[in-house]
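Asker: Letter by letter, the chains look like this.
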Amino acid sequence: MRAYLIRGARILGGARADLSLRDGVIAEVGDGLAPVPGAEVLRADGLLALPGLVDLHTHLREPGREDAETVESGTRAAALGGYTAVHAMANTDPVADTAGVVEQVWRLGREAGHCDVHPVGAVTRGIEGRQLAELGAMADSAAGVRVFSDDGHCVSDAVLMRRALEYVKAFGGVIAQHAQEPRLTEGAQLNEGEMSARLGLCGWPAVAEESIIARDVLLAAHVESRLHVCHVSTAGSVEIIRWAKGKGWQVTAEVTPHHLLLTDALADTYDPMYKVNPPLRTSEDVAALRAALADGTIDCVATDHAPHPVEAKETEWTAAAMGMIGLETALPVVQEAMVETGLLDWAGVADRMSFRPARIGRLRAQGQPLTAGSPANITLYDPASRGVVDATGFASKSRNSPFAGLELPGRVVATFLRGRPTVLEGKLT
Amino acid sequence: MKRHLISAADLTRDDALLILDTAEELAQVVDRPIKKLPTLRGRTVVNLFFEDSTRTRISFEAAAKRLSADVINFSAKGSSVSKGESLKDTALTLEAMGADAVVIRHGASGAPYRLANWVHGSVVNAGDGTHEHPTQALLDAFTMRRRLGGLEGRQITIVGDILHSRVARSNVLLLHTLGADVTLVAPPTLLPVAVDTWPCTVSYDLDAVIPKTDVIMMLRVQAERMNAAYFPSVREYSRRYGLDARRMGQLPEHALVMHPGPMNRGVEIAAEVADSTRSTIVEQVANGVTVRMAVLYLLLGGSVPANPAEEDS
Ligand SMILES: [Zn+2]
Chain A
1 MRAYLIRGAR ILGGARADLS LRDGVIAEVG DGLAPVPGAE VLRADGLLAL PGLVDLHTHL
61 REPGREDAET VESGTRAAAL GGYTAVHAMA NTDPVADTAG VVEQVWRLGR EAGHCDVHPV
121 GAVTRGIEGR QLAELGAMAD SAAGVRVFSD DGHCVSDAVL MRRALEYVKA FGGVIAQHAQ
181 EPRLTEGAQL NEGEMSARLG LCGWPAVAEE SIIARDVLLA AHVESRLHVC HVSTAGSVEI
241 IRWAKGKGWQ VTAEVTPHHL LLTDALADTY DPMYKVNPPL RTSEDVAALR AALADGTIDC
301 VATDHAPHPV EAKETEWTAA AMGMIGLETA LPVVQEAMVE TGLLDWAGVA DRMSFRPARI
361 GRLRAQGQPL TAGSPANITL YDPASRGVVD ATGFASKSRN SPFAGLELPG RVVATFLRGR
421 PTVLEGKLT
Chain B
1 MKRHLISAAD LTRDDALLIL DTAEELAQVV DRPIKKLPTL RGRTVVNLFF EDSTRTRISF
61 EAAAKRLSAD VINFSAKGSS VSKGESLKDT ALTLEAMGAD AVVIRHGASG APYRLANWVH
121 GSVVNAGDGT HEHPTQALLD AFTMRRRLGG LEGRQITIVG DILHSRVARS NVLLLHTLGA
181 DVTLVAPPTL LPVAVDTWPC TVSYDLDAVI PKTDVIMMLR VQAERMNAAY FPSVREYSRR
241 YGLDARRMGQ LPEHALVMHP GPMNRGVEIA AEVADSTRST IVEQVANGVT VRMAVLYLLL
301 GGSVPANPAE EDS
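Going line by line, the protein sequences match chains A and B.
Just so you know, we're using our numbering here: the first sequence kicks off at 1 and counts up by one.
Just so you know, we're using our numbering here: the second sequence kicks off at 1 and counts up by one.
The hints are all genuine.
Derived Cβ-Cβ restraints for the label pairs, each shown as a range:
hint: 1; chain 1: B; residue 1: G153; chain 2: A; residue 2: P182; range: 45 to 51 angstroms
hint: 2; chain 1: A; residue 1: L218; chain 2: B; residue 2: D205; range: 36 to 42 angstroms
hint: 3; chain 1: A; residue 1: P182; chain 2: B; residue 2: S86; range: 25 to 31 angstroms
hint: 4; chain 1: A; residue 1: R183; chain 2: B; residue 2: L18; range: 45 to 51 angstroms
hint: 5; chain 1: A; residue 1: E239; chain 2: B; residue 2: V282; range: 53 to 59 angstroms
hint: 6; chain 1: B; residue 1: N117; chain 2: A; residue 2: A265; range: 15 to 21 angstroms
hint: 7; chain 1: A; residue 1: R130; chain 2: B; residue 2: D205; range: 45 to 51 angstroms
hint: 8; chain 1: A; residue 1: E186; chain 2: B; residue 2: R55; range: 29 to 35 angstroms
hint: 9; chain 1: A; residue 1: H222; chain 2: B; residue 2: P199; range: 44 to 50 angstroms
hint: 10; chain 1: A; residue 1: L406; chain 2: B; residue 2: G153; range: 41 to 47 angstroms
hint: 11; chain 1: A; residue 1: H222; chain 2: B; residue 2: A228; range: 30 to 36 angstroms
Quick caveat, the hints were computed from the structure, so don't treat them as lab data.
Glycine is no exception: its CB is placed at the ideal position from the N, C-alpha and C atoms.
With the hints as extra help, turn the sequences into a complete structure.
Answerer: So, in structure tokens, the structure goes:
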């Protein structure tokens, strides 16, 4: 394996230093390091060195919807976005609810080699919300599943949710809940409020998310287990999570880049590019989510990268698929929403996009500090660059980006996965 | 005026008055033995109906034909659309036919906005889901103006399923633009969350509002709303929010009773009220054609006079 010497990067936005990468690890960090024989030297003046990003919430669509995304194309997009690990959601076809399916996805990830793929196991068989899937078998499989989720659907049955939380304690698992009370959201299209009233679209009320989160934090406390809340989208949810954390309960939460930047006002022309679940909310919610990510109430940013083919969005709003892609724009969006606003520094970004999500997913080789001896998972990022997002250039197979056409700061220059570059000069290697 | 008429909010006060005044001129044509004007000769109007609504389709068709436009009726029922062809593909077909205007009725809110991305002609919203029905609001305003004179300062009460009503949305916007004061009356379950952001007042008490009402508009209430727990029973709904002879007696002498149709007699409106002289329900249908003529003329006709015969006299 080739050695690399990264010269003069600012580590987590702090002091300039050289990083020497050898045999998959960071061999040395310091000033004026000499390259080892055969090492390639990368000038990184003005670039930030961040730990390789970790996504807890990615839809890679394989198996089943290879027209929208594959493990290959999705992990290419991840690498270009600065990610070295993604968690592949279970709502594939067939559902990732057996050791066989999670091992298949895990193996496809290894073969593609652009970033680590950690399959998420379904909580219930077929994501039908009736019987537990074989959680233990998935945990014991080669994929070593620790995160379980019926994402796309809520585990709405309180008994099933309680049992799932209890059961995964045996192997250090966590239940990642898509919090959506199903009866309160039948036919729901858009945040219930001024926009849904004006547009005549069935409302998705904040209370449908908040009531499930309130129930789940109490269940997690009762059985002393770990709960992770997917894509928190409302100010009220933040309050409940803050309260639960104050009690010392094992509750973690994520927010998506789109919920940090966009509001439901964008739905006013009925462009389904802005249709997503949970829906875009109001500017008050966006402000509360940003503050919660800044103070750590929300632990991490997760993309909820949800690819869809063109025809799924070129239609009426109510007929369109929900979801948006986000791997290739996540870091610029977080810079725009959190760093440019002064809410988070780059050490904070590293914490929320790498260290904490890796801990939640129990990944030992990811989300490590950029010090000698750590696995060489590194993202080099140019925060001074600015550009208009061009979705046609994405590595993702899909184009459903709500950020296309927006001018955003920052650019991923290089990504290293265990010392091997997956991206150099902003291009896949 | 904007190129499309999709929402009543597209109309400024001047636009709305121009449409109503033009309709007034055109109404005289309807009274003549030959009801046709050459204004839109050579122009093509497509009626694109994804929902059954014979009344609205016939009204638009008559309006376009009286202006000498070529009319193509494209009903989605039984066509390639019901076999899964997308709205976009349908739009591209209409483009190939050279449609100058597309009148669209669709079950999905916002479908006319989507269509407007894919066709060059003017898009006229003939009712989209639970969003809007602007020509219905225009014909209602036309009817009110004919009976009451101006609308400035008039008290208009709209009663019923506001949450699911495209007629209510368009009427609130248009009547506000024209200077009327609108009050919505409904059980709280049938009012949208955030209705307080609309330019109108809200009441749950019909009897309190009736004595100061100049126009009362009753909306159709579907019995299936009962199953979704919007109200306990049709009987209870009718007692609390229906317009019966007793309540009609509490209205001021000059007040009008309107209904966009189709009516549920005995639910939101009693038969004797629907058939009373205060009721404008039959008139609303006739006015629909002239108002839609005015809309098509103003969107497509440009500068030629609406009624050349008028110019001669
Ligand atoms: Zn989800």
